[in-house]
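Chemist: Listed here are the chains, written in short residue letters.
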Amino acid sequence: MKLTLKIWRQKGADKKGQLESYNVEASEHMSFLEMMDVLNEELISKKEEPVAFEHDCREGICGTCNLVIDGRPHGPQQGTTTCQLHMRHFKDGDTITVEPWRAKAFPVIKDLVVDRSSFDRIIQAGGYVSVNTGQAPDGNAIPIEKDEALSAFDAAACIGCGACVAACPNGSAMLFTSAKVAHLGKLPQGQVEHAARSKSMVDQMDAEGFGNCSNTGACEVECPKEISINNIAMLNRSYLSSIFGSNK
Amino acid sequence: MSLTGLFLISFLFVHLIGNLQLLANDGGESFNTYAYFMTQNPLIKTISYGLYFFIVLHAIQGLMIAAKNRSAKGYKYSKKTKENASWSSKNMAMLGILILAFICIHMGDFWFKMKFGSLPMKTYAGFENEVTDLYGRVMVAFQEWYIVLIYLIGLLALYFHLAHGFQSAFHTLGLNHKKYTPIIKGLGTVFSLVVSVGFAIIPIYIYINSL
Ligand code: HEM
Ligand code: SF4
Ligand code: FES
Numbered sequence: 001m002k003l004t005l006k007i008w009r010q011k012g013a014d015k016k017g018q019l020e021s022y023n024v025e026a027s028e029h030m031s032f033l034e035m036m037d038v039l040n041e042e043l044i045s046k047k048e049e050p051v052a053f054e055h056d057c058r059e060g061i062c063g064t065c066n067l068v069i070d071g072r073p074h075g076p077q078q079g080t081t082t083c084q085l086h087m088r089h090f091k092d093g094d095t096i097t098v099e100p101w102r103a104k105a106f107p108v109i110k111d112l113v114v115d116r117s118s119f120d121r122i123i124q125a126g127g128y129v130s131v132n133t134g135q136a137p138d139g140n141a142i143p144i145e146k147d148e149a150l151s152a153f154d155a156a157a158c159i160g161c162g163a164c165v166a167a168c169p170n171g172s173a174m175l176f177t178s179a180k181v182a183h184l185g186k187l188p189q190g191q192v193e194h195a196a197r198s199k200s201m202v203d204q205m206d207a208e209g210f211g212n213c214s215n216t217g218a219c220e221v222e223c224p225k226e227i228s229i230n231n232i233a234m235l236n237r238s239y240l241s242s243i244f245g246s247n248k
Numbered sequence: 001m002s003l004t005g006l007f008l009i010s011f012l013f014v015h016l017i018g019n020l021q022l023l024a025n026d027g028g029e030s031f032n033t034y035a036y037f038m039t040q041n042p043l044i045k046t047i048s049y050g051l052y053f054f055i056v057l058h059a060i061q062g063l064m065i066a067a068k069n070r071s072a073k074g075y076k077y078s079k080k081t082k083e084n085a086s087w088s089s090k091n092m093a094m095l096g097i098l099i100l101a102f103i104c105i106h107m108g109d110f111w112f113k114m115k116f117g118s119l120p121m122k123t124y125a126g127f128e129n130e131v132t133d134l135y136g137r138v139m140v141a142f143q144e145w146y147i148v149l150i151y152l153i154g155l156l157a158l159y160f161h162l163a164h165g166f167q168s169a170f171h172t173l174g175l176n177h178k179k180y181t182p183i184i185k186g187l188g189t190v191f192s193l194v195v196s197v198g199f200a201i202i203p204i205y206i207y208i209n210s211l
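Heads up: the protein sequence lines correspond to chains E and U, in order. Under the working numbering, residue 248 is the last one in the first sequence; the count climbs by one each step, no gaps. Under the working numbering, residue 211 is the last one in the second sequence; the count climbs by one each step, no gaps.
With the rest of the complex left out, here is chain E:
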């Protein structure tokens, strides 16, 4: 299949970027990233600069293959990362626009690669549980209800890709932050620091320059792991109790 790609090219963080057009011949069995590889090989053979984009696992679990495809983070397919998106979802002759994540807290480093270290600092601010040292505890010492375990696991499915921020018209990181807070706070081991964790992670999110959540719900639609905005309501609740509650 013959495709026209309009790709965001930007030489460096402080350079201006623009969309540039490329033609590429791909097979419908390729993943989107393999199609990008074909383009880059052609560029290299023509002694041109290949397009910089991030990728690692190529199996939908690392959260680095972050491209905005035709205005949608991770492309048109619901619940998939870019590496799991296949070219059979496009038609011969299509023009596809490829841009980097956009948010002030995710500055572009080069072409399609953005700096997501702001997410790491949100995790450092509270994404952990404190445990006593010593013997490894017995695996079943703390009984956890099945429903609780499942909903904590749903939140834990977040791969930290940042599609939620890229989709959000406010550039807010609430879905990511709430997924982390819910994943820990829904389990007894994470309960102890739940309210304080919510406050410190939200404060760090604000300090990084992410916007405020106005409940548009765009994040939930684009999240490749289909994390629910119910987690955001849970985070709002524990954030409020960190301010007004006794459990600081």
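Possibly wrong hints are sitting among the right ones.
[What the hints assert, rightly or not] Within a straight-line C-alpha distance of at most 30 Å, the following computed DSSO-like cross-link-like pairs (lysine-lysine) qualify:
| # | chain 1 | residue 1 | chain 2 | residue 2 |
| --- | --- | --- | --- | --- |
| 1 | U | 185 | E | 6 |
| 2 | E | 146 | U | 178 |
| 3 | U | 73 | E | 15 |
| 4 | E | 16 | U | 80 |
| 5 | U | 185 | E | 146 |
| 6 | U | 178 | E | 6 |
| 7 | U | 68 | E | 110 |
| 8 | U | 90 | E | 6 |
| 9 | E | 6 | E | 91 |
| 10 | E | 16 | U | 68 |
| 11 | U | 185 | E | 11 |
| 12 | E | 104 | U | 178 |
| 13 | U | 68 | E | 104 |
| 14 | U | 79 | E | 110 |
| 15 | E | 199 | E | 104 |
| 16 | E | 16 | U | 73 |
| 17 | E | 15 | U | 185 |
No lab work stands behind these hints, which were simulated from the structure alone. Predicted model, so just to flag it, every value in this text is computed and none were measured.
Here the structure of chain E is known, so what remains is to put chain U with the ligands in place on it, guided by the hints.
Modeler: Using the frame of chain E, we list chain U with the ligands on its own:
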């Protein structure tokens, strides 16, 4: 944001019920005596100053958040193929500004004229005090098609603002539940419709009657 928004919502409800008395076929007696009560009662006076304060607070906070959010995004994608959020939810600030402009026009027309203008006074049998004829002013105003149009635009903006705002306020407060959230969402839609259609009936009815 959510608390001031919910306060304004509860105000709208009371305001609507009071104003529907305009439609009573009694030459304005029930409405004018109601308006008199609302302007004299010290409790209502205190609440109304609180209301002005909350409108201003809500507007300032909302616009500040919207400005900050816009700069936190900083860039629009060059291509959009599918909407991933409702139109209302993305245009709260624009809708809010429309509502604010409407409130200013609305206050200038009725409240300002009642407080400082020279509206004629009226007396009704069975009511000892002389009352301002606000009813008469309303009847005159809504004979002009452009005033009716301004009201309809204001109410349309209000509808869209509340269509997102009502349920959003509950989410912001962390009130989310498998069973109740769908009910809150349904209630929000019904409330936005009832309030905007309810208010819209007043100018439309008066205009048609004046033809
Ligand atoms: C009678 C009038 C109004 C009512 C009943 C109302 C109600 C609400 C409600 C319930 C919310 C949702 C709050 C939340 O999600 O936390 C909201 C949000 C908002 N309102 Fe209003 N509002 C009114 C007037 C205004 C005015 C005059 C403005 C601005 C000039 C405004 C600007 C905004 C903005 C920007 C938001 C979004 C805030 C956010 O992102 O959290 N509103 N409003
Ligand atoms: S919540 Fe979803 S979109 Fe956001 S970082 Fe996690 S996996 Fe990515
Ligand atoms: S490359 Fe790891 S999720 Fe796509």
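Chemist: Hint by hint, note whether the structure agrees.
Modeler: Here's how the hints hold up against the structure:
At roughly 40 Å between alpha-carbon atoms, residue 185/U and residue 6/E are farther apart than 30 Å, so this suggested pair is violated. A distance of roughly 17 Å separates the Cα atoms of residue 146/E and residue 178/U; the hinted pair therefore holds under the 30 Å criterion. A hinted pair counts as satisfied when its Cα atoms are at most 30 Å apart, and residue 73/U with residue 15/E qualifies at roughly 18 Å. A C-alpha spacing of about 22 Å is found between residue 16/E and residue 80/U, which places the hinted pair at or below 30 Å, so the restraint holds.
A distance of roughly 28 Å separates the Cα atoms of residue 185/U and residue 146/E; the hinted pair therefore holds under the 30 Å criterion. With a C-alpha separation of about 42 Å, the suggested pair residue 178/U and residue 6/E falls outside the 30 Å cut-off, and the hint is violated. Restraint check for residue 68/U and residue 110/E: satisfied, since their Cα atoms lie roughly 25 Å apart, inside the 30 Å limit. Distance restraint check for residue 90/U and residue 6/E: the Cα-Cα separation of roughly 27 Å lies within the 30 Å cut-off, and the hinted pair is therefore satisfied.
Restraint check for residue 6/E and residue 91/E: the C-alpha separation of about 16 Å stays at or below 30 Å, so the hint holds. With a C-alpha separation of about 23 Å, the suggested pair residue 16/E and residue 68/U falls inside the 30 Å cut-off, and the hint holds. In summary, the hint linking residue 185/U to residue 11/E is not supported, as the alpha carbons are separated by about 47 Å, beyond the 30 Å threshold. For a cut-off of 30 Å, the pair hint linking residue 104/E to residue 178/U is broken: about 34 Å separates their Cα positions.
At most 30 Å may separate the alpha-carbon atoms for a hinted pair to count; residue 68/U and residue 104/E meet this at roughly 11 Å. A hinted pair counts as satisfied when its Cα atoms are at most 30 Å apart, and residue 79/U with residue 110/E qualifies at roughly 20 Å. For a cut-off of 30 Å, the pair hint linking residue 199/E to residue 104/E stands: about 22 Å separates their Cα positions. The hinted pair formed by residue 16/E and residue 73/U meets the criterion: a straight-line CA distance of about 17 Å does not exceed 30 Å.
This hinted pair does not check out: residue 15/E and residue 185/U have alpha carbons roughly 45 Å apart, beyond 30 Å.
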